[in-house]
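Just so you know, the sequences run in chain order P, U, R, C, Y, B, G and H.
Count the first sequence with our numbering and you get residues 2 to 246, in order.
Count the second sequence with our numbering and you get residues 2 to 246, in order.
Count the third sequence with our numbering and you get residues 2 to 246, in order.
Count the fourth sequence with our numbering and you get residues 2 to 246, in order.
Count the fifth sequence with our numbering and you get residues 2 to 246, in order.
Count the sixth sequence with our numbering and you get residues 2 to 246, in order.
Count the seventh sequence with our numbering and you get residues 2 to 246, in order.
Count the eighth sequence with our numbering and you get residues 2 to 246, in order.
None of these hints come from the bench; they were simulated from the model.
Because the structure is a prediction, the values reported are computed rather than measured.
Even glycine gets a Cβ: it sits at the ideal position worked out from N, Cα and C.
Mixed in with the good hints there might be a few duds.
Said to hold, decoys possible - Only some residues are given here: those of chain B computed to face chain Y with a beta carbon under 7 Å:
1. Asp39
2. Arg42
3. Gln43
4. Lys44
5. Thr59
6. Gln61
7. Gln64
8. Pro114
9. Pro130
10. Gly210
11. Ile230
12. Asp231
13. Asn232
Number of protein chains: 8
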Amino acid sequence: MSPKEILERYKSGEIDLVEALNHLSDRGIEEMGFATLDTDRQKRTGIPEVIYASGKTTEQVCQIATRLYEKGIDILATRVTPDMAEAILNVIPEAAYHTLARAVTWKKDSVIPAKGYITVVAAGTSDLPVAEEAVVTARFLGNRVETVYDVGVAGIHRLFNKLDLIRNATVIIVVAGMEGALASVVGGLVDRPVIGVPTSIGYGANFQGLSSLLSMLNSCASGISVVNIDNGFGAACQASLINKL
Amino acid sequence: MSPKEILERYKSGEIDLVEALNHLSDRGIEEMGFATLDTDRQKRTGIPEVIYASGKTTEQVCQIATRLYEKGIDILATRVTPDMAEAILNVIPEAAYHTLARAVTWKKDSVIPAKGYITVVAAGTSDLPVAEEAVVTARFLGNRVETVYDVGVAGIHRLFNKLDLIRNATVIIVVAGMEGALASVVGGLVDRPVIGVPTSIGYGANFQGLSSLLSMLNSCASGISVVNIDNGFGAACQASLINKL
Amino acid sequence: MSPKEILERYKSGEIDLVEALNHLSDRGIEEMGFATLDTDRQKRTGIPEVIYASGKTTEQVCQIATRLYEKGIDILATRVTPDMAEAILNVIPEAAYHTLARAVTWKKDSVIPAKGYITVVAAGTSDLPVAEEAVVTARFLGNRVETVYDVGVAGIHRLFNKLDLIRNATVIIVVAGMEGALASVVGGLVDRPVIGVPTSIGYGANFQGLSSLLSMLNSCASGISVVNIDNGFGAACQASLINKL
Amino acid sequence: MSPKEILERYKSGEIDLVEALNHLSDRGIEEMGFATLDTDRQKRTGIPEVIYASGKTTEQVCQIATRLYEKGIDILATRVTPDMAEAILNVIPEAAYHTLARAVTWKKDSVIPAKGYITVVAAGTSDLPVAEEAVVTARFLGNRVETVYDVGVAGIHRLFNKLDLIRNATVIIVVAGMEGALASVVGGLVDRPVIGVPTSIGYGANFQGLSSLLSMLNSCASGISVVNIDNGFGAACQASLINKL
Amino acid sequence: MSPKEILERYKSGEIDLVEALNHLSDRGIEEMGFATLDTDRQKRTGIPEVIYASGKTTEQVCQIATRLYEKGIDILATRVTPDMAEAILNVIPEAAYHTLARAVTWKKDSVIPAKGYITVVAAGTSDLPVAEEAVVTARFLGNRVETVYDVGVAGIHRLFNKLDLIRNATVIIVVAGMEGALASVVGGLVDRPVIGVPTSIGYGANFQGLSSLLSMLNSCASGISVVNIDNGFGAACQASLINKL
Amino acid sequence: MSPKEILERYKSGEIDLVEALNHLSDRGIEEMGFATLDTDRQKRTGIPEVIYASGKTTEQVCQIATRLYEKGIDILATRVTPDMAEAILNVIPEAAYHTLARAVTWKKDSVIPAKGYITVVAAGTSDLPVAEEAVVTARFLGNRVETVYDVGVAGIHRLFNKLDLIRNATVIIVVAGMEGALASVVGGLVDRPVIGVPTSIGYGANFQGLSSLLSMLNSCASGISVVNIDNGFGAACQASLINKL
Amino acid sequence: MSPKEILERYKSGEIDLVEALNHLSDRGIEEMGFATLDTDRQKRTGIPEVIYASGKTTEQVCQIATRLYEKGIDILATRVTPDMAEAILNVIPEAAYHTLARAVTWKKDSVIPAKGYITVVAAGTSDLPVAEEAVVTARFLGNRVETVYDVGVAGIHRLFNKLDLIRNATVIIVVAGMEGALASVVGGLVDRPVIGVPTSIGYGANFQGLSSLLSMLNSCASGISVVNIDNGFGAACQASLINKL
Amino acid sequence: MSPKEILERYKSGEIDLVEALNHLSDRGIEEMGFATLDTDRQKRTGIPEVIYASGKTTEQVCQIATRLYEKGIDILATRVTPDMAEAILNVIPEAAYHTLARAVTWKKDSVIPAKGYITVVAAGTSDLPVAEEAVVTARFLGNRVETVYDVGVAGIHRLFNKLDLIRNATVIIVVAGMEGALASVVGGLVDRPVIGVPTSIGYGANFQGLSSLLSMLNSCASGISVVNIDNGFGAACQASLINKL
């Protein structure tokens with residue numbers, strides 16, 4: 002059926018919406034059999050399709066990265082093990098591996114960053130892999146990023162010492178494991194949106210991040226929202242959308 | 002000790018930070034014995050102290066509301082039962098009760114709303130009490146609000162029909178119970194920050210909102226963050242901060 | 002924009018899919034402000050829009066039912082309290098209330114049922130409200146239904162005694178609380194699809210249906226799938242789709 | 002006791018049902034000490050006894066496979082590690098190992114597939130091991146299978162583009178991790194039974210598949226049922242029973 | 002088909018086990034439509050069919066009780082509210098209501114109790130409803146019962162003071178809420194089987210009995226098994242079977 | 002057996018420890034059938050037997066209170082409903098009911114309080130019932146108590162303003178719901194033991210206090226321990242033992 | 002203090018129970034610094050002290066085993082890895098390692114088994130390690146044991162075929178993973194106590210044995226009690242106590 | 002801004018508290034980029050900053066340890082693997098590694114311990130790693146420590162035998178896995194504060210320490226508080242604060 006035909010039959014009620022959708026949806030897709038790339042995503046949602054490497058084979062990740070590279074689409078792969086990173090860099094030597102953040106990036110063109118900046122605050126040194134995932138992602142998406150690390154509430158003056166850097170950001174990402182109290186304390190001191198990232202760092206009853214997740218969801222400070230446990234990537238995506246408003 | 006003395010003794014190391022803090026913190030507080038009002042909050046965080054009525058006695062809520070009223074501070078009380086609302090309106094007749102949202106508001110002056118607007122999307126009619134809490138809160142905080150109700154993914158064309166209203170918002174609040182899929186679908190279609198509010202609506206294995214909470218936290222769409230179950234208030238607070246950037 | 006214009010601009014790339022969707026989706030929708038009826042659902046999914054009364058006000062339920070009635074669309078409302086049912090029957094006297102199933106139905110025309118039949122098996126008498134919700138729903142959707150009640154595995158010969166009635170069905174719905182073992186036993190004796198409905202009936206560690214839910218999900222019999230706790234309605238919907246293949 | 006004697010004593014009330022059962026049950030069993038093969042299962046339930054390799058030793062799996070092979074019964078072993086597969090293929094060289102699906106199959110005779118077909122839809126590339134387990138199982142059971150991969154709701158037009166292939170299937174299996182929203186979206190667009198398979202793919206609060214499991218159980222689309230997390234095998238079994246009705 | 006025919010066709014392979022079962026199972030059943038009484042249960046399992054009143058309507062409970070009464074089968078109904086009890090006693094005046102245990106009993110003939118006795122130990126006064134359910138059930142089943150109440154480990158000498166009564170029992174039932182430690186302490190002091198009954202008594206993190214359930218399941222004393230939360234009935238059933246060995 | 006005999010037979014090995022215990026334990030016990038009072042507890046553990054009224058009947062509570070009163074033992078009953086309190090005060094007019102704390106107390110003699118004092122800090126007004134249970138209990142046990150209420154971290158200067166009162170206490174009880182961050186913040190500012198009491202106050206994902214419980218257990222401040230959800234009583238007991246060292 | 006002195010001072014009230022206990026408890030103990038052997042346990046509880054090897058170092062296990070061996074106390078060590086077993090057999094060559102059961106045993110004298118026997122029923126081959134732990138333990142404790150393996154409810158005639166062996170046992174242990182339905186089915190067919198052992202075998206939503214644990218706790222058959230997940234040892238201990246009554 | 006200026010502008014209201022805090026907080030901090038050492042912590046909270054090695058790289062741990070060493074601050078690192086310990090001892094040869102406790106310590110000066118002592122009681126040998134973490138920490142903080150090991154309630158006389166050592170301590174730490182009953186038993190026998198440390202030792206339904214955690218939180222003995230699962234360190238910190246009052 003030609004698009005025109007679809008439309009006419011839809012207008013006349015001969016075919017329904019679902020069939021119409023079926024025929025209208027062949028744009029912005031790159032078929033790879035085991036993967037269906039969404040090449041329209043950057044334009045539609047402000048964030049390009051990203052490779053979440055966990056659960057994929059090295060071969061699959063390399064093939065997707067190569068396809069994106071060939072089509073000139075920027076590459077961000079997260080949760081990349083060192084071995085997998087080596088395999089990607091073999092096929093795309095210009096790409097870079099960020100060890101602590103476990104991420105691979107490649108950008109076709111450099112970008113002029115947005116005006117405001119994002120501050121990533123981390124409670125402890127053990128939270129840095131997640132914080133760095135947020136940092137790498139936010140920079141990849143064209144944002145200026147500042148970092149304030151190891152300022153958990155057990156020594157709250159460490160946080161106070163950096164308050165200027167935090168309060169002047171457009172949006173703040175707070176990364177914390179254990180009881181995640183840092184998000185509430187920061188949220189009570191600033192008039193900017195705060196995005197909490199609970200981490201799976203902590204003793205037994207942390208239950209792989211459940212304690213910090215629940216803690217941040219229940220924050221008594223009112224301008225806070227939360228992303229998934231250890232999801233520095235997701236926090237950076239939303240922060241980027243906010244920073245570019 | 003006078004402030005000056007405090008400072009000098011702190012500088013000389015005679016007293017430590019904690020003692021200094023103790024003496025410097027007597028501003029922006031309104032003591033009521035059973036409550037300690039934070040009159041500085043609006044200025045510091047962009048959102049005034051709000052009365053969360055759940056767990057408080059009617060008498061306590063009325064006393065706090067009266068004190069705020071006397072000091073000319075705007076009043077928002079959430080989770081207010083009809084009986085409690087009646088008691089508040091007896092002492093503050095100018096206040097208004099929003100039945101569906103279970104909220105009482107009173108504003109000293111009318112505010113010129115921010116330029117952009119917030120769209121509140123709700124999956125089903127049963128989710129409206131939470132959605133309306135978000136609407137009332139966002140308007141109280143000086144925002145323009147649009148609503149798109151009962152557009153859950155079981156009939157996805159209902160959502161498509163309102164996409165313009167959603168895509169042109171500065172920030173979108175998605176309220177959904179059951180499996181909460183609406184947040185992911187909206188998140189995949191817009192380039193604006195989406196704040197998900199899981200609700201406790203649903204059959205047994207919803208477990209009082211756990212299913213929609215986990216669903217939204219695990220969204221495959223990347224620009225989404227989440228607030229607590231049924232917390233329309235919190236979503237509106239963050240949305241307001243974003244809308245006013 | 003006229004549909005034709007939409008199509009042309011989409012074809013030429015001027016507008017994207019999302020915008021196109023927005024303009025093509027105004028059919029099969031009935032706007033009610035607090036609700037957006039999906040009048041296309043029966044045709045699209047084989048099951049009409051149904052009123053899930055839980056969490057809605059009596060007024061909202063009556064308004065939706067009336068609108069459906071006026072448009073000649075069959076009505077099924079689930080989780081209807083006796084008070085709510087009375088209110089509906091006041092405005093739609095032809096409707097019927099099924100007390101045990103807590104459901105209201107009204108059908109415009111009688112339907113010739115499908116050839117095969119659905120058997121609803123319930124482990125105990127306490128499971129009957131859920132089983133009856135399935136029975137009422139399945140009949141509403143135009144199916145012949147047989148019932149086999151109170152045949153839990155503690156007295157397994159009660160089940161054996163009715164095996165013919167079960168084995169000759171097109172599809173079997175097994176409703177069971179406590180440990181939900183009945184689903185596995187039935188599943189091991191028939192060559193037809195079995196849909197398990199865990200119920201919230203049981204002592205403490207049933208945890209509102211969790212034990213029977215997990216039990217059915219982990220069934221060692223291989224042709225079983227599961228719906229939500231106490232969701233007799235959902236089981237009947239899928240059974241109906243299967244019975245009409 | 003001879004069968005006749007059993008019957009007479011049962012009729013006269015001398016022995017009870019349980020004793021009768023004991024003596025009547027020696028058919029359709031293949032004793033192996035550590036295993037008791039159910040050689041009657043294919044005839045009784047439409048699905049033969051299958052080897053679930055997880056938790057068994059390689060030696061046990063090989064012995065069971067060999068016994069089935071010798072008796073001319075078709076073999077399907079799931080959750081087979083590469084090492085285990087090698088051991089099986091050593092003793093049964095005609096068998097085949099499906100790497101991604103982690104399954105070994107051997108069929109005595111080729112089968113003419115059923116008329117309708119099953120479509121397996123997977124949300125992401127990381128979900129393929131589970132999806133492929135469903136594909137291999139469904140084909141083993143004599144069904145035609147189509148696949149639609151990597152069409153998660155973050156880029157929903159990818160799904161629309163394949164709707165024909167999905168809507169024309171007799172039954173649809175939807176495999177999805179993270180928030181599992183794909184099941185609801187598909188369920189809202191088709192009039193065929195949908196079987197959801199939640200997977201354990203996702204960030205922290207996925208909790209090994211809990212988020213997608215709860216999400217699918219709570220689907221607002223009404224024709225969906227669910228199997229265990231990562232249980233592609235079970236979904237294919239039920240789909241096969243439906244496809245052969 | 003006559004039983005003889007069934008047998009012959011089963012022997013010849015014409016019909017399979019399931020069909021045979023179907024025809025052989027019409028004994029020991031009392032059909033009531035909404036209930037299928039297992040009149041054979043006492044003989045088969047040593048415990049008669051018991052009415053679990055929770056989730057049943059008063060009318061259903063009365064009908065079942067009446068039927069049992071008419072057939073001369075002993076009656077035990079558990080989880081009976083006072084209102085329900087009144088209704089039962091109206092139709093069966095000889096029956097007795099045990100208020101604390103929330104149980105109704107009626108026995109056709111008095112029974113000579115078994116030789117040994119069962120001791121029911123309860124940690125606190127708040128655990129008595131569950132303990133008394135065990136006592137009433139055990140006596141109903143023909144056992145001698147001793148009780149040792151309010152001897153929780155916070156004052157362990159209270160337990161020591163009654164050790165003779167405990168150690169000389171055939172089997173011991175330990176009923177405890179909160180941390181359920183009493184089961185472990187008793188288990189470490191006796192050489193008889195101990196059955197733990199966790200109760201839902203306790204502060205917040207008791208989570209409706211979860212803490213005492215997990216505690217008893219993890220007992221470091223080795224001769225302990227556990228029944229469901231608040232399930233005094235089940236504990237008494239097993240204790241009775243043991244006491245009568 | 003006389004105590005001497007017990008000893009000799011134990012020494013000679015004729016009887017074992019358990020039997021010896023049995024005979025040595027008849028002191029410090031007050032038998033009441035449904036209750037076994039531990040009259041030795043005050044001397045042994047520093048805290049007298051206390052009546053936890055939840056789950057007990059009014060009659061049982063009154064009987065226990067009366068017995069304690071008659072024996073001149075101080076009375077503390079917690080979780081007392083207003084009706085129950087009225088019944089107790091009818092039989093013991095000198096007793097006092099603390100409405101907010103839901104506790105009844107009666108002391109034979111006034112006590113000279115310990116030298117140091119306990120500070121009870123509460124995050125919000127909704128946490129007061131739990132905080133007041135701690136206050137009433139601590140005073141009942143002979144301690145001086147100070148209170149600092151409604152100083153949650155959303156307005157952290159409110160806490161700083163009272164730091165002197167907190168830092169000079171012997172031991173600090175922190176009562177907080179929602180995310181419970183207050184315990185960590187206080188713990189990071191003082192060199193005294195901090196006992197956290199999580200409360201069940203909060204929106205949905207508080208899960209009846211789970212969020213604050215896990216939060217406090219995972220505190221990054223190192224001198225904190227935790228008691229059960231809403232257990233102001235338990236916190237006061239331990240605080241009293243510490244204050245009297 | 003001499004025992005006599007203790008007694009006199011206790012009688013006169015000079016010392017309290019706790020002090021008395023302290024001095025009377027030096028029998029039946031074997032001090033090893035890191036371990037305190039309870040050499041009195043066999044006599045007191047009918048089951049000797051057993052070595053739970055999990056969490057202990059190989060050196061600690063060997064030292065405890067050696068000490069028991071030297072004192073002529075029978076040895077049972079559970080959860081022993083092959084390496085650990087080798088180390089034990091090096092120092093105690095007469096000991097035996099049961100590979101599948103992961104247990105080491107050594108008995109000083111052979112024992113004449115009890116009259117009755119214990120039947121261990123296992124649902125699947127994957128459950129055998131747990132079943133064998135029960136078998137080895139029960140035999141170690143002097144019981145005759147029969148086994149019925151791989152008779153899960155998916156092919157229920159396999160169970161019926163062995164009913165005689167099961168019904169004639171004194172006590173029955175049912176070991177099952179997945180949905181654990183086998184315990185309920187067996188419980189409904191026998192008049193002997195049934196002890197359920199849930200195992201951690203199964204797909205995702207088994208949650209390491211939670212599904213079978215909850216299933217067995219919620220059994221609708223009334224003579225069933227349950228031990229911890231995978232705890233074949235504990236089940237055998239209680240079964241042994243029952244078998245020796 | 003100079004401190005004086007800050008103060009004046011704060012007094013005049015020109016700057017707010019948050020800005021004032023920002024400028025007053027530059028003391029007691031040691032910046033390391035990935036870490037922000039809190040050198041003021043010992044003075045402020047009685048416990049110095051401690052290195053929680055879990056989640057940190059060996060390089061990070063060594064750098065922090067070296068910096069503390071250079072500044073003459075005592076070092077305690079917990080959760081240190083043997084490899085990591087070797088790396089630390091390479092750079093700080095005077096430090097000591099405590100293998101069982103998995104901790105590294107280095108103290109600048111020896112300390113005269115506090116007068117009272119802390120007793121660490123452990124239920125089983127498998128709990129020793131956690132118990133030893135408590136012992137090493139408490140000694141590092143300048144306390145005298147006694148240990149009572151392997152005295153679980155399955156053989157309660159082992160505990161009684163050491164009661165003097167327990168009752169005379171200033172504060173008692175009870176370390177127990179499985180059902181954690183030891184904490185309640187000890188708590189009922191002493192008049193000193195008891196700190197419970199649940200451990201992750203146990204069979205399946207221990208759920209990584211959940212059973213012992215809940216058990217201790219629900220203790221019926223009233224002077225008990227609890228720290229995180231396996232958190233021997235945290236228990237020792239609070240015990241030290243109490244012991245030094």
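How the hints compare with the structure:
no., hint, in the structure
1, Asp39, "holds, 3 Å"
2, Arg42, "holds, 6 Å"
3, Gln43, "violated, 11 Å"
4, Lys44, "violated, 12 Å"
5, Thr59, "violated, 12 Å"
6, Gln61, "holds, 6 Å"
7, Gln64, "violated, 10 Å"
8, Pro114, "violated, 25 Å"
9, Pro130, "violated, 13 Å"
10, Gly210, "holds, 5 Å"
11, Ile230, "holds, 3 Å"
12, Asp231, "holds, 5 Å"
13, Asn232, "holds, 5 Å"
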